[in-house]
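In the order they appear, the protein sequences are chains A and B.
Numbering that gives the first Met the number 0 applies: residue 0 is where the first sequence begins, and numbers increase by one.
Numbering that gives the first Met the number 0 applies: residue 0 is where the second sequence begins, and numbers increase by one.
Treat the hints as calculated values from the structure; they're not laboratory data.
One thing to keep in mind: the hints can contain errors.
To be verified - Subject to a maximum C-alpha distance of 27 angstroms in a straight line, what follows is the list of computed DSSO-like cross-link-like pairs (lysine-lysine):
#1 Lys-135/A / Lys-110/B
#2 Lys-183/B / Lys-135/A
#3 Lys-8/B / Lys-135/A
#4 Lys-135/A / Lys-106/B
What the hints assert, rightly or not - Covered stretches of chain B (chain A as the covering partner; in silico rule of three or more C-beta atoms under 8 angstroms from a C-beta of chain A):
#5 6-18
#6 48-58
#7 73-85
As the list claims (entries may be wrong) - Computed spacing ranges between beta-carbons, pair by pair:
#8 Leu-191/B / Leu-234/A: 48 to 58 angstroms
#9 Lys-85/A / Leu-191/B: 55 to 65 angstroms
#10 Leu-238/A / Pro-156/B: 27 to 37 angstroms
#11 Glu-134/A / Pro-156/B: 35 to 45 angstroms
#12 Ile-187/B / Glu-194/A: 17 to 27 angstroms
#13 Leu-177/A / Ile-187/B: 13 to 23 angstroms
#14 Val-54/A / Lys-183/B: 31 to 41 angstroms
#15 Ile-224/A / Ile-187/B: 54 to 64 angstroms
All values derive from a computational prediction rather than experimental measurement.
C-beta atoms are modelled at their ideal positions from N, C-alpha and C, and glycine is treated no differently.
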Amino acid sequence: MRHSMMQSDVENRGLILDPRTKLFLLITMATFVLGGAGSDGLWFLTPCLCLIPLVLLLFSRKYKAAIKYSIIYLTMYFSFHYFGQKTTGITNFLLLGTTGIITRFMPNLMLGLYVVSTTTVSEFTAAMLRLHVSEKLIIPLSVMFRFFPTVTDEFSSINAAMRMREISFGGKNVKKMLEYRLVPLLTCSSRIGEELSAAALTRGLGGNVRRTNVCEIGFHIQDFILILLCFVPFLLVILPLSRVL
Amino acid sequence: MKNEKLKGKDLINVGIYSAIYFVIIFALAMLGYIPIFMPLLCVVGPIIGGIPFMLFLTKVKKFGMILVMSIIMGILMLLTGMGYYALIVGTISGLLAELVYWSGRYKSESKAVLASGVFSVWIWGNFIPLFTNIEGYFSTRQDFGQQYIDTLTNLMPAWMCPTLLVSAFLSGIIGGLLGKAILKKHFIGAGLV
Chain A
0 MRHSMMQSDV
10 ENRGLILDPR
20 TKLFLLITMA
30 TFVLGGAGSD
40 GLWFLTPCLC
50 LIPLVLLLFS
60 RKYKAAIKYS
70 IIYLTMYFSF
80 HYFGQKTTGI
90 TNFLLLGTTG
100 IITRFMPNLM
110 LGLYVVSTTT
120 VSEFTAAMLR
130 LHVSEKLIIP
140 LSVMFRFFPT
150 VTDEFSSINA
160 AMRMREISFG
170 GKNVKKMLEY
180 RLVPLLTCSS
190 RIGEELSAAA
200 LTRGLGGNVR
210 RTNVCEIGFH
220 IQDFILILLC
230 FVPFLLVILP
240 LSRVL
Chain B
0 MKNEKLKGKD
10 LINVGIYSAI
20 YFVIIFALAM
30 LGYIPIFMPL
40 LCVVGPIIGG
50 IPFMLFLTKV
60 KKFGMILVMS
70 IIMGILMLLT
80 GMGYYALIVG
90 TISGLLAELV
100 YWSGRYKSES
110 KAVLASGVFS
120 VWIWGNFIPL
130 FTNIEGYFST
140 RQDFGQQYID
150 TLTNLMPAWM
160 CPTLLVSAFL
170 SGIIGGLLGK
180 AILKKHFIGA
190 GLV
């Protein structure tokens, strides 16, 4: 996931969604699956919402992730409901804890994986501009997404070098592990960062002019379907309340 | 000095240090993937993240840089599917950390350590969903019996919520001290700060 963070392959990604739809999806999932809102009386809601990441992963041709997700989620879901009643004591405690947390967090994490692996930095920037987010947030964000691959690359090279010097788990110098990794990482990335900022400034980042973007984003039929789907749980929660009033 | 606006170079610096910070937190999150140990991230994350954060603070000279970094962490958490809770918490804690460091005129070292502690509270935001709507979550599972409910309430008791908050803050301060020591040992001599 790290190498594919916001570095999507544009040609081969199947169904395209607007980044704003993805944000709305993330918020809906966070409210209902992660936050557990409206779970009283709407027990069927959570499993239904958990299908969304699966469908999206399938449409964007990430079959491996989709299969892994469905296997893990189903195992956890059934062991939660089946073994949860059968076991007692410490086993029960560990089992319910693990399965409970995973069934709550995993659908959201999978949706997150889908979002970061199918959105490009330009698309994301364009969506942020349309949402009228301040430049002060957009510039650091786009720099950061550009910088991720560099940092992870440096990090893995340093890791390899330190493993050769036996500074790793199971090696001779476990104590030095942290210092000998972080210090070179910080030193080289702050150097690279300075070069990057000089390069970006020459391209006019942070100037007074409004920057243009070649990415075309917009809502299509698939966006409308998903947005409508996202309104369903909100309505299901709000409607009973209004009847009481 | 405090009235100066953020310019391109400052914003790029924020982006670079956010990237380093996030990669480190992300690598740690991969280590702590066993759900039971997840709360430990509240301790380990701030301690190790404190090192790049202290280096970042040496570059902070204008109002808003810490706040922007904190909001960015929140946005990243939203994008990677951890919910919007960290965004809300991060905005508040980032502003507080900014005010703490600002009150030291962006120079004071002890205020920098304190700012690192306050900043680290954003991590706690990720744990809020474990504590929200506990009653509603359990009411659907009444058929599992009282024992089940007791088990889960023991696993995530309500007092854990403030404990995690305090531990994130304290670990942030330890991380800040650690970062300060490492800065002294390596970066000041090398002329990087």
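Structure-based check of all given hints:
no.: 1; hint: Lys-135/A / Lys-110/B; in the structure: 25 angstroms, holds
no.: 2; hint: Lys-183/B / Lys-135/A; in the structure: 31 angstroms, violated
no.: 3; hint: Lys-8/B / Lys-135/A; in the structure: 11 angstroms, holds
no.: 4; hint: Lys-135/A / Lys-106/B; in the structure: 23 angstroms, holds
no.: 5; hint: 6-18; in the structure: holds (count 12)
no.: 6; hint: 48-58; in the structure: holds (count 3)
no.: 7; hint: 73-85; in the structure: holds (count 9)
no.: 8; hint: Leu-191/B / Leu-234/A: 48 to 58 angstroms; in the structure: 55 angstroms, holds
no.: 9; hint: Lys-85/A / Leu-191/B: 55 to 65 angstroms; in the structure: 59 angstroms, holds
no.: 10; hint: Leu-238/A / Pro-156/B: 27 to 37 angstroms; in the structure: 34 angstroms, holds
no.: 11; hint: Glu-134/A / Pro-156/B: 35 to 45 angstroms; in the structure: 44 angstroms, holds
no.: 12; hint: Ile-187/B / Glu-194/A: 17 to 27 angstroms; in the structure: 22 angstroms, holds
no.: 13; hint: Leu-177/A / Ile-187/B: 13 to 23 angstroms; in the structure: 19 angstroms, holds
no.: 14; hint: Val-54/A / Lys-183/B: 31 to 41 angstroms; in the structure: 53 angstroms, violated
no.: 15; hint: Ile-224/A / Ile-187/B: 54 to 64 angstroms; in the structure: 57 angstroms, holds
The structure fails hints 2 and 14 (numbered hints given earlier, in ascending order).
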